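Given the coordinates of chain A, assemble chains B and C with the ligands onto it according to the supplied hints.
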Amino acid sequence: MDELGDRTMDMTDSASTNQPLLEVKDLRVVLPLLEGNLVAADGVSFAIRPGRTLGLVGESGCGKTITAQSILKIAPRKARTDGRILLHYADRPATDIIGLGADDPELLKIRGGECAMIFQEPMTSFSPVHTIGNQLMETILLHRTRHRREAHDLAVAMLAKVGIPAPAETLKKYPHHLSGGMRQRAMIAMALASQPRLLIADEPTTALDVTVQAQVLRLMKDLQHDLGMAILYISHDLGVIARMADEVAVMYMGSIVEQAAVRDLLRTPMHPYTRGLMASVPRIGKKSGEPLQSIKGNVPVPINKPRACGFFPRCPVAIEGVCDRVVPPLTPVAAGHSAACFRYSEVVAAAGLDQGGANVH
Amino acid sequence: MTELLFDAADGPQGGHILSRGQIFWAKFTRHRVATVSLVFIVLLYVVVLVAEFVTPYDPFNRHVGYLLAPPTGLQFVDTDGQFHLQPFVYGLKNELNRETFQREYVVDTSKRYPLALFVKGDAYQLFGVIPTDVHLFGVEGDGKVFLAGTDTLGRDLFTRMIFGARTSLFVGLFGLSIGFALGLFFGGISGYFGGTVDNLVQRLTEFLQSLPTLPLWMALAALVPQDWTPTQVYFGISTVLAVVGWTTLARVVRGKLLSLREEDYVMAAKVSGVSEARIILTHLLPGFTSYLIVYLTLAIPQMILGEVALSFLGLGLRPPAVSLGTLLIDSQNIQTVTLSPWLLVPGGLVVLIVVAFSFLGDGLRDAVDPYRT
Amino acid sequence: MLSYIVRRLGYMVVVLILISIVCFYIINLPPGSFIETFATQLEASGAPASQAQLDYLTVRYGLDQPLIVQYWNWIIPLVTHGDFGFSFEWQQPVWSLIADRLWLTIIVSLVSMVFVYAVSIPVAVYSATHQYSAGDYAVSFLGVIGLAVPNFLLALVLLVASARLFGITPTGLFSPEYMNAPWSWGRFVDLLIHLPVPVVVVGLAGTAATIRILRSQLLDEFQKQYVVTARAKGVPEGRLLFKYPFRVALNPIISTAGHLLPEIVSGSTIVAIVLGLPTIGPLLLRAIIAQDTYVAASSLMLLGVLTVVGVVLSDILLAVLDPRVRMGRSN
Ligand SMILES: Nc1ncnc2c1ncn2[C@@H]1O[C@H](COP(=O)(O)OP(=O)(O)OP(=O)(O)O)[C@@H](O)[C@H]1O
Ligand SMILES: [Mg+2]
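Chains as they are written, first to last, in my numbering: chain A, 1 to 361; chain B, 1001 to 1373; chain C, 2001 to 2331.
Because the hints were derived from the structure by calculation, they are not lab data.
Small disclaimer: the values here were computed from a predicted structure and weren't measured.
Please note that a few of the clues may not be correct.
Unchecked claim - Covered stretches of chain C (in silico footprint by chain B; criterion: 3 or more residues with CB under 8 Å from a CB of chain B, positions within the stretch not fixed):
{"hint": "1", "stretch": "2008–2019"}
{"hint": "2", "stretch": "2152–2162"}
{"hint": "3", "stretch": "2257–2267"}
To be verified - Each computed BS3-like pair below joins lysine-lysine, with the alpha-carbon atoms no more than 25 Å apart:
{"hint": "4", "chain 1": "A", "residue 1": "Lys73", "chain 2": "C", "residue 2": "Lys2224"}
{"hint": "5", "chain 1": "C", "residue 1": "Lys2243", "chain 2": "A", "residue 2": "Lys73"}
{"hint": "6", "chain 1": "C", "residue 1": "Lys2243", "chain 2": "C", "residue 2": "Lys2224"}
{"hint": "7", "chain 1": "B", "residue 1": "Lys1120", "chain 2": "B", "residue 2": "Lys1093"}
{"hint": "8", "chain 1": "A", "residue 1": "Lys73", "chain 2": "A", "residue 2": "Lys25"}
{"hint": "9", "chain 1": "C", "residue 1": "Lys2224", "chain 2": "A", "residue 2": "Lys109"}
{"hint": "10", "chain 1": "A", "residue 1": "Lys109", "chain 2": "A", "residue 2": "Lys73"}
{"hint": "11", "chain 1": "A", "residue 1": "Lys172", "chain 2": "A", "residue 2": "Lys161"}
{"hint": "12", "chain 1": "B", "residue 1": "Lys1111", "chain 2": "B", "residue 2": "Lys1093"}
{"hint": "13", "chain 1": "A", "residue 1": "Lys25", "chain 2": "A", "residue 2": "Lys109"}
{"hint": "14", "chain 1": "C", "residue 1": "Lys2224", "chain 2": "A", "residue 2": "Lys173"}
{"hint": "15", "chain 1": "A", "residue 1": "Lys221", "chain 2": "A", "residue 2": "Lys161"}
{"hint": "16", "chain 1": "C", "residue 1": "Lys2224", "chain 2": "A", "residue 2": "Lys172"}
{"hint": "17", "chain 1": "A", "residue 1": "Lys25", "chain 2": "A", "residue 2": "Lys78"}
{"hint": "18", "chain 1": "C", "residue 1": "Lys2243", "chain 2": "A", "residue 2": "Lys78"}
{"hint": "19", "chain 1": "A", "residue 1": "Lys109", "chain 2": "C", "residue 2": "Lys2243"}
{"hint": "20", "chain 1": "A", "residue 1": "Lys172", "chain 2": "C", "residue 2": "Lys2243"}
{"hint": "21", "chain 1": "A", "residue 1": "Lys173", "chain 2": "C", "residue 2": "Lys2243"}
{"hint": "22", "chain 1": "C", "residue 1": "Lys2224", "chain 2": "B", "residue 2": "Lys1256"}
{"hint": "23", "chain 1": "C", "residue 1": "Lys2224", "chain 2": "A", "residue 2": "Lys78"}
{"hint": "24", "chain 1": "A", "residue 1": "Lys161", "chain 2": "A", "residue 2": "Lys109"}
{"hint": "25", "chain 1": "A", "residue 1": "Lys161", "chain 2": "A", "residue 2": "Lys173"}
{"hint": "26", "chain 1": "A", "residue 1": "Lys78", "chain 2": "A", "residue 2": "Lys109"}
Yeah, the Cβ is synthetic: ideal placement off N, Cα and C, and Gly gets one too.
Extracted from the complex, chain A is given alone in its bound form (with noise of 0.2 Å):
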């Protein structure tokens, strides 16, 4: 708990001045299907300072690996995507990925070099067929160097900076000889080799082990007080959420349904949602003998998706003929604090419906 108030501390002095790396502005993603088109982003807006990292918190299918997808144009082939996503420079003006073409020479300098990603499974993550310093020199080569002898120094390094022992050899081991913790080391090593100023995270450790687990968060946060590169951090698990970011958004169904720094959203959950994710983690803000919860339902796919709020159906306090006929906007509800929930006045006045019609809690 004591690392959450160091975190906090040092944001309300550095907020206001950091101009954001990152920003995502309206973003939807749609998957058409054959049922129908699947929404799988819509609406999805958010910023991310340098240094910073912003953990993006959802149930499975919610859109989180979509949306990360999407900041470096690998979103599947048959996805549309709409809106903007502006990567800022200190020297010259932004750039909108979304507008880039997949051969554009600057997309394939901001895959890898810019913006890095490591993913879901580590099994799956590195070609059967290559060796680890094939794929690890591989970055090396596109985005550092051309020289092959320096390559391999830098990759060595890096290995042994992720805490891989005999990382020289290691170089000449195929993915199948390393065990999981390992090859998910090595991920990282692959991903932070071309020095990213962001780095993309998508549930990095769900498949491993809690000890190992721990070992590799410890890593990313250390590496990132090193390297000092912003972290996109998505998970499901509000615990891990907890010791990485600084700020969260919690996304439900394709849209973000609130954010706020990290202390004040596991302190004060304001959408309905995010309290009934909280009640069913155990450990944070949880007196003992309380029982855990679980919230009802499943997440409904978004196909065809209605106008309404996505939660409605779930939802404890929803109030009819108003959460089932109108989208809930994302709305500042407290300082630095948004929520997506018409239990709050400013959400009823953003959507521009009469006070009257909502009852305020």
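Relative to the frame of chain A, chains B and C with the ligands by itself:
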């Protein structure tokens, strides 16, 4: 993607989720070519079942004076440029060409024979019981309609082709059912018992697969005694085709059994005391039927091609049996077939049938594949 | 690696023995023997043989002994000094009949394999990278046709077309002057000139099948996480394609060589009969019909040996290329 297809949505938010059957049908019909192929195949089976009625002549009727006659073709416009809604054929004259001194057929435009429906012709018994002489179409009087020409003995090739298709299509089905039984049996015991049995069956399939099929078929077909009746030969050849062709299915059945045995729901059933045989019948087979249907669809053309090849070589069905393969025996003589290329028309039908089955199989496979959208 | 090779080679030897038994057995199963066929032939020609003559022949060729003895008498000289037995019909040693045909069979098969891969790999890559384009549909459609046309029919159509259009029939592997000549540079060139027609005809089905397999393999691989990883690293699309999915998809292609070779040998048997190629196929057909036991069994066996050796070689090549196979292949 799988979840999407099989999870029932709850609540008004979920949009509508299609049932498995609906998804199957939606995916299948999206494949236009597969749908067309299905219609073609169904039609073809219907047509060959009533071959006697659909064809204008008896398949063994030798039309004297019409040896190796070219296709007559159907005309709609006569020599005066006048259009007739009812198609007609011209007469054929066999004349001596004064330059080459060869006999050749000349179209006699002075004689017009309109094509009629339900004409009386060669007598036959429909379905082997109903005696009649009515044919779906034909020409009246002394005119002849040879849609695909005639063979070396003056028999109508179109008629023989429909009869040949009947034989070949059913050789396919019969050989397939034998091969199917063999494949299920060997794959079944292999996957079910595992261990030594599995090892032996595995080696056997590997062995058969590493041999070139056709020479093996040829050798086996030579085992069919010369003095067998056409029916016996027919079943003999089907069996030969099946004996070599079961290995793919066996391999897949085995693999499926092995992997399915590990699945949770099978474990659960076992723990709750359900007998293994029952598990296989109630749990494993249904999950496998879609694959089997696809397999069958793609295996039928292989059987047909096998029969055609063997009969063509003179090792399969033998005349007077009429099959797509035996019809091609005539075309073994290059001189004859060069002068009368219509002898190759049955080959075209073979290609059409095989293509239709392949497209149908592809469409079915895509439709049953839950990973494809 | 070495133990894997030794295991495969050991397996090969066992299979070869099995093949020899099966071939010999199958060939001997038909009711009646060569002697009877011979007798009928003589009778048909108007000079029937006497019973004594036939009995003599039976004893002379050991046809009165049990099958297993006949097999033994056949296989032992074969293994010890390459003696494949004697042809009843041609009245000469089987090996002298078969030797030249064996080499030509191997040449036709290998060149067909090369043709199959040379055509199918680029076409499949194009088709997979341009999925749902007009070109992709065209390739898929032609692929289905290619698989559906029986190769002997294709051969016939080519013969007829060429006879009607150009007045020549492209049969055989040699021009008449080289037909029975000893090997020379001129004969080799002549062979090269004659190869394209049979190779295309024999290779068509295999090409169609390989395009299909490789295309769907590539499309599968494109979806794989490691391709996404590589793309996320900023690898340009073209290089990505060749370094990753293509490289991984190559393995099943090499292992399909194991299926392709038997198919090609099988297909070339009947094509050779139509095109009159001096390969093993036509000899086998004749021997089967005439019940010329030793020729038929040897031909069938050599074709089997050819494919089995090919399959084992492709297995070993695959092991060299794929680190996962080296680890110990379950299948
Ligand atoms: N290739 C695809 N084809 C069809 N639907 C897809 C595809 N990829 C993702 N989806 C759908 O898009 C939605 C969002 O998926 P996404 O992978 O972003 O979820 P997620 O939040 O990352 O979940 P998880 O925690 O399980 O990784 C899901 O409903 C998913 O089923
Ligand atoms: Mg995900």
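Pair hint outcome, Lys172 (chain A) versus Lys161 (chain A) [Cα-Cα no greater than 25 Å]: Within the cut-off at roughly 17 Å; holds.
25 Å limit on alpha-carbon distance, applied to hinted pair Lys172 (chain A) and Lys2243 (chain C): Judged against 25 Å, a Cα distance of about 17 Å means the pair holds.
Chain B over the stretch 2257–2267 of chain C, status - at least 3 residues with CB closer than 8 Å: n = 7 at 8 Å, threshold three: holds.
Pair hint outcome, Lys73 (chain A) versus Lys2224 (chain C) [Cα-Cα no greater than 25 Å]: holds (16 Å)
Restraint status (C-alpha distance of Lys2224 (chain C) to Lys1256 (chain B) at most 25 Å): holds (23 Å)
Within 8 Å of chain B (C-beta), three or more residues of the stretch 2008–2019 of chain C: holds (count 3)
Chain B over the stretch 2152–2162 of chain C, status - at least 3 residues with CB closer than 8 Å: Since three or more residues must qualify, the claim that chain B covers the stretch 2152–2162 of chain C holds, with 6 doing so at under 8 Å.
Restraint status (C-alpha distance of Lys1111 (chain B) to Lys1093 (chain B) at most 25 Å): Given pair Lys1111 (chain B), Lys1093 (chain B) holds - Cα atoms ~10 Å apart, limit 25 Å.
Proposed proximity, Lys1093 (chain B) with Lys1120 (chain B) (alpha carbon, max 25 Å): holds (24 Å)
Restraint status (C-alpha distance of Lys221 (chain A) to Lys161 (chain A) at most 25 Å): At roughly 13 Å apart (the allowed maximum being 25 Å), Lys161 (chain A) and Lys221 (chain A) satisfy the hint.
Agreement of Lys25 (chain A) and Lys78 (chain A) with the hint, judged by alpha carbon distance not exceeding 25 Å: Holds, at about 21 Å.
Agreement of Lys2224 (chain C) and Lys173 (chain A) with the hint, judged by alpha carbon distance not exceeding 25 Å: Given pair Lys2224 (chain C), Lys173 (chain A) holds - Cα atoms ~21 Å apart, limit 25 Å.
Checked against the numbered hints above, the structure breaks none of them.
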